[in-house]
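Following the hints, complete the assembly by docking chain B onto the known chain A.
These protein sequence lines are chains A and B, in that order. Heads up: the first sequence is residues 1 to 680, going by full-length UniProt numbering. Heads up: the second sequence is residues 1 to 680, going by full-length UniProt numbering.
Careful, some of the hints might be misleading.
Copies of the same chain look alike in the list, so a pair counts if it fits in one copy or across any two.
To be verified - Derived lysine to any residue pairs resembling SDA-like cross-links, with alpha carbons at most 25 Å apart:
| id | residue 1 | residue 2 |
| --- | --- | --- |
| 1 | 596 | 55 |
| 2 | 612 | 395 |
| 3 | 464 | 214 |
| 4 | 464 | 549 |
| 5 | 634 | 623 |
| 6 | 388 | 29 |
If you are wondering where the hints come from, they were derived from the structure by calculation, not from laboratory data.
2 protein chains.
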Amino acid sequence: MNKPTTQDAFDTPKVTTGPLPGSRRVYTSPAAAPDLKVPHREIELHPTANEPPLRVYDCSGPYSDPAASIDVEHGLARTRTDWVLERGGVEAYEGREPSPLDNGGATGKYLAREFPVRHRPLRRIPSPAGGGSGWGANGAAAASGPDGITPPQPSPQGEGAGKRHLVTQLEFARAGIVTKEMIYAAERENLGRAAAMAGAAERRADGEDFGAEIPEFVTPEFVRDEIARGRAIIPANINHGELEPMVIGRNFLVKINANIGNSAVASSVEEEVEKMVWAIRWGGDTVMDLSTGKNIHNTREWILRNSPVPIGTVPIYQALEKVNGIAEDLTWEVFRDTLIEQAEQGVDYFTIHAGVRLAYVPLTASRVTGIVSRGGSIMAKWCLAHHKESFLYTHFEDICDIMAAYDVSFSLGDGLRPGSIADANDAAQFAELETLGELTKIAWAKGCQVMIEGPGHVPMHKIKANMDKQLAVCGEAPFYTLGPLTTDIAPGYDHITSAIGAAMIGWFGTAMLCYVTPKEHLGLPDRDDVKTGVVTYKIAAHAADLAKGHPAAKLRDDAMSRARFEFRWQDQFNIGLDPETAKDFHDQTLPKEAHKVAHFCSMCGPKFCSMKISQDVRDFAAGKTGATAEEAKKGMEEKALGPKAERSEAVDPSEIEAGLKAKAEEFRAKGGEVYLETGE
Amino acid sequence: MNKPTTQDAFDTPKVTTGPLPGSRRVYTSPAAAPDLKVPHREIELHPTANEPPLRVYDCSGPYSDPAASIDVEHGLARTRTDWVLERGGVEAYEGREPSPLDNGGATGKYLAREFPVRHRPLRRIPSPAGGGSGWGANGAAAASGPDGITPPQPSPQGEGAGKRHLVTQLEFARAGIVTKEMIYAAERENLGRAAAMAGAAERRADGEDFGAEIPEFVTPEFVRDEIARGRAIIPANINHGELEPMVIGRNFLVKINANIGNSAVASSVEEEVEKMVWAIRWGGDTVMDLSTGKNIHNTREWILRNSPVPIGTVPIYQALEKVNGIAEDLTWEVFRDTLIEQAEQGVDYFTIHAGVRLAYVPLTASRVTGIVSRGGSIMAKWCLAHHKESFLYTHFEDICDIMAAYDVSFSLGDGLRPGSIADANDAAQFAELETLGELTKIAWAKGCQVMIEGPGHVPMHKIKANMDKQLAVCGEAPFYTLGPLTTDIAPGYDHITSAIGAAMIGWFGTAMLCYVTPKEHLGLPDRDDVKTGVVTYKIAAHAADLAKGHPAAKLRDDAMSRARFEFRWQDQFNIGLDPETAKDFHDQTLPKEAHKVAHFCSMCGPKFCSMKISQDVRDFAAGKTGATAEEAKKGMEEKALGPKAERSEAVDPSEIEAGLKAKAEEFRAKGGEVYLETGE
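With the rest of the complex left out, here is chain A (with noise of 0.2 Å):
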């Protein structure tokens, strides 16, 4: 089955760099910690557009730096580090040794070669009382602590023999104390504006956020309150120096994942590494690594030490093939091996099955589509054959402590998710969700940041349920959904099926949405298909903190409707999501460079431009070309509605606009009877 990856495994991975069409990556440093180089990227507009640079939400990393210097054998610079070892609490150490098994027992050629440079792991300092491996201390004194629904309490600090380092982000928050993540993550979501920019009401933008709350402004303290109560978490293990952090919550702007990773049947190290760099270059913030099969040690490496945006893994997958595939032959002793092996290489985020309890097995027994989750499917197997809860429940605690030690965050995995419309807000999946729910508030209690996995698929009419039922159970901690598809009928286009489905539930509150490719349910995806999905949850990302209102959010969506009414054709294309799509769409059917300023487009020509024809209007209203909206505004009122004087008659439009707005309320309120009367 296993394709030999050889060649492919030997070279130095190739990886796409250079800016984007008319971007540049710039970068602002923060009152807050002035030593910090936040990026962000910049469009450049055409002179006549009178418009500073756009500046735009960048994930893509060095990549799109000219000025940075790429070494993939090197990896990135690991800059972070130096912030956690400035925080203290913790120790280097040798790790774990590593072992053949870790790929898949791959020998000679098959073996993928080894990343060549070897860092030793950080890990929280053993506390006092802490018992050897450093971590669980106070694990039972906090676990019986907060109830999770409301915001989890700092765990006791500086209390006599138990006192106990503090290294995850939501410790640090818990204690009141804001760190460089925090500041960093804060500086992003403003996009390196100003307070007052950001405050200015032109650059406001109603919305409905259905409870979330968005501030204008995005202040580290925010980020740190955020976290502190559990509604937000930067994926940020302490091993991954290479990272640019960034924050994952309802009250910030909507990330997505985009998922790679190699399997028995196809692709290479190569190939991931590239892959990788490709997400994010199109606007990845997140990436995670669903490898199987041998050599997934070694591509995890290369992954990690050139990646800028948090990893994250399904620690199960690896574990099953350390066991040969054989779900029942799975242990705690080979799990827990696992999640030290992949937390010392520096992954991010975990996602985590364990609420797949055995009593909720049956429950999927007269599914259409069964359990569709491979983490969901494995654990389900393993509860059947041994007539126990499984491992991931029962050691949970445990597995907390080894989490807390690198702060890698939960991604509690839903594991009975629907795999069809028929299956969706069913009882399994939501007495899973459910356990979830308590899982989070042990994880919070032991210090660890956790985000929750959500469906699947699920028609509209069923989406805000699940929002509402997370928020509701799940303490407000962050969601973090796989599209939902709204329909199973478009095997190909499952990107488009998805995409509806992940800028509703989006809006309605969701924090991350994992892509869909249009490979979903045929294949793997290839460069193209990781492009396409990327780009379709950017659009369902960005519709939905349009729509949340997000303050930034409608400056990009602004500038190109003007660019649109001014013809400036190359900046359509650059303030765009994909820039060389659109120019080529554009250069199909007009080609030439005068065509790039012409004053229509092939769809109407230049007769029929509507455009064109607006401005025609302006001017004419306004006895000159090049009429400003007021000069035609007023040129308008006389010619449509006669001279000031004499409009006793004639309908005035701001009465109209007045008006108007009466009237809709009446008729939303008329809507609304008619609702009641005929809705069932």
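Frame of chain A, contents of chain B only:
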């Protein structure tokens, strides 16, 4: 500017024929009219499925039927003409004298070849009191009739001299007459199923219909009643004998429209005819010919004579060509002449921008993107230039009389729709919508069928207000929207930015969705773009049908999900909206035929296939291979919860299920509170 279309224009259009993979076109004859042959598509499933062929809606026309003989030079069979003639009330006449201007003055090699066959047009027989042209009888009387918000009433029948022959579907519906078009459309909506089948409990879908009244089974009488109430239309010009009638309304399946049309800049007659055939092959329910430039008349004739779906146009485009593209030179006479020209050809619906009133133009002055409707901008220019209300508004009753004489349906155009997120739901847009509501009443009183066009560019949180207001002010006339696009930042992906909005507004009650292709804002769609646009909009429409709870919608999703769980790969391809793309994607990673029966795919490989593991789990629990859901459930409960006898302690799945329902309510309530407290 014009690309000579010589060669193309004189070729016989080559069109795509033959069935989709695994499909055949079948026909049923409704009890109410056994002479009708109503088309459906049946997808053959693999023998192991033990399922009858899956019946789906079919708009592809005879082109997908190998038994049909296709001769584009002759056009499709004009079966429907007999239905019209046997009803009486119409007369054949010489018709308008064609003029060179009809083809933009194209001559010689630039003039596209005429369609070889000429048919004498039909029109309503002038009533004794009706005056020469045969239209306008009772106009005034009827116009002073009912308030359009309440369903339109029958116009007076058999009252002395004023007796008016019935021609439009609305007139027949009001008179209580069920036409063959209504029977035909009802049969299609039911997928030819018998009432019993349709009513079967397991066929029912839940859903949230926002006050729509979707029946379990669609009777011809229901179609008649919906049309009589103005809540649905059957666009069916009496001169479009090639038509396979379909119904557009909130209580029927959501339909989609595909735009085609050459422009001054590109494409030819041949391309346009094939684009129409290609668009309906993938599921276009209606097609709009938005041609501009030369050869408009001849291009349209070729399209109509070969089209089994309703064809819509925007007559002002051709009228503008007749005055050399100078909006100010447009006159009622030129427009009237164009209406009759196109009505005689058999166009089924006209977009008429009669809502662009003089006083509303100034409301667009301060917009970011002004007026983005071609028709809207043309009329705005005319209004200002002449300091007058447009002739579309002042002559609206005359327009009604012409359209009623041929049963051309109104698609009241939203000339002031927003062209950007910034301009959504503004005063100009809603002022026009209210006027469209007033015009709807007049058109209804004149016996005309009416639908209303909607936006455009609207962020998610402002979409529902559009639907609610349209229902309220337009008396529930069918809404027909373009998208809406939910963000402006993704040129090259606007089929996706708009599919999000289209699915939502379709769910809320929009009856037909006008597709957007990837080339929107960039160029003219080619063949691939048309297919992508159509498939994307089938997804949006189907997602809406599912969410509304249309009884037949879920059948296809469930069939797909069963095929997935049983690894019937070929069935998965064929049940999907685009079998070719699905198969191609699958084969890119797993080309071997063997892999099409493999119990895994390239995404996970054999060891990690969740569905395979799910079946293993079922088999394990039941102690046999190929265990059914029931056997598995029993086994799982034994294994998970121990023998029934000893289950006092253990969790009982049924209890969980019950408990969850209660909890779910509780949480929804809680969620509500939270929203009220913090929402703004």
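*Within, between, both or neither, where residue 464 and residue 214 count as close if Cα-Cα is 25 Å or less*: So residue 464 and residue 214 pass the 25 Å test inside a copy (19 Å) and across (22 Å) alike.
*Between residue 612 and residue 395, at a C-alpha cutoff of 25 Å, which is it: within one copy, between copies, both, or neither?*
neither (67 Å within a copy, 27 Å between copies)
*asked:* At most 25 Å between alpha carbons: which applies to residue 464 and residue 549, within, between, both or neither?
replied: both (18 Å within a copy, 16 Å between copies)
*For residue 388 vs residue 29, is the C-alpha pair at or below 25 Å within one copy, between two copies, both, or neither?*
neither (53 Å within a copy, 58 Å between copies)
_As a check of your reading, is residue 596 near residue 55 (CA-CA no more than 25 Å) within one copy, between copies, both or neither?_
Only inside one copy: residue 596 and residue 55 sit 23 Å apart there, 48 Å across copies, limit 25 Å.
*Which holds for residue 634 with residue 623 at a C-alpha limit of 25 Å: within a copy, between copies, both or neither?*
within (11 Å within a copy, 83 Å between copies)
Going down the numbered hints, you'll see the structure goes against 2, 6, while the others check out.
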